[in-house]
Amino acid sequence: MLPVLMTSCLLMLGLVTLARAIEPGEHRATARNVIFMIGDGCGPAYVELGRGVKGAPLSLDPYLVGASQTAASDSRVTDSAASATALACGVQTRNEAIGVDTRGRAHRTLLEAAESCGRSTGLVATSRITHATPAAFAAHVPHRDDEDAIAAQEVEQNIELLLGAGARHFIPVASGGHRTDSRNLLDEQRRSRRHG
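The sequence shown maps to residues -21 to -1, 1 to 175 in mature numbering (1 follows the signal peptide of the UniProt record, and there is no 0).
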């Protein structure tokens, strides 16, 4: 638990440091790239716990920190799917839904918006790349457990970089994976990159 907490907090510290790199009133050229890091589950309580464990202020304390409301439509306790959908799509949804609203309608994600502008995109996760948080930026499924469909949608998005665990959702059962449709998404992706 502590390594996950520290990783999440370090990622948040990196974002805060980047946000404060330009002094107020200072003008810089338009950003060429955006890196959106999420300390999944790292809220104010965990940051306060970090202060308590350290017994001193954290390195991120002097910096401005933002917060957002990512409440699920059907529960007081939000899961990663609903929370990440709020961050990725700007819409509220029910727990377990990814990239869709409460009626199941797909909404454009930040990643899809970047792709449509010709930007290179990527998803990096310390979990399965098909897990709820990264999936919400590239997929639209009614239930987070449909990781085979999520994997297919991630490949179809033509994301330049997918880095994380969960290869089992990209390869068929015959090759040691979980896919029952016999598709090998890794091979499909390799072929499309060669011919695309």
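Please note: incorrect hints may appear among the correct ones.
Unchecked claim - Here are the in silico distance ranges between beta carbons for each label pair: (1) Arg84 x Ala10: 25 to 33 Å; (2) Leu165 x Lys33: 37 to 45 Å; (3) Ala35 x Ala153: 40 to 48 Å; (4) Asp53 x Asn12: 29 to 37 Å; (5) Arg98 x Gly143: 34 to 42 Å; (6) Asp53 x Ser154: 17 to 25 Å; (7) Lys33 x His174: 33 to 41 Å; (8) Gly155 x Thr9: 26 to 34 Å; (9) Arg173 x Val13: 22 to 30 Å; (10) Ala10 x Arg87: 31 to 39 Å; (11) Ser54 x Ala10: 30 to 38 Å; (12) Arg173 x Lys33: 43 to 51 Å; (13) Asp166 x Ala8: 35 to 43 Å.
Derived from the structure by calculation, the hints contain no laboratory data. Since we're looking at a predicted model, the values are computed, not measured. C-beta atoms are modelled at their ideal positions from N, C-alpha and C, and glycine is treated no differently.
Problem set entry | Ascending list of hint numbers which this structure does not respect | 3, 5, 6, 7, 8, 10
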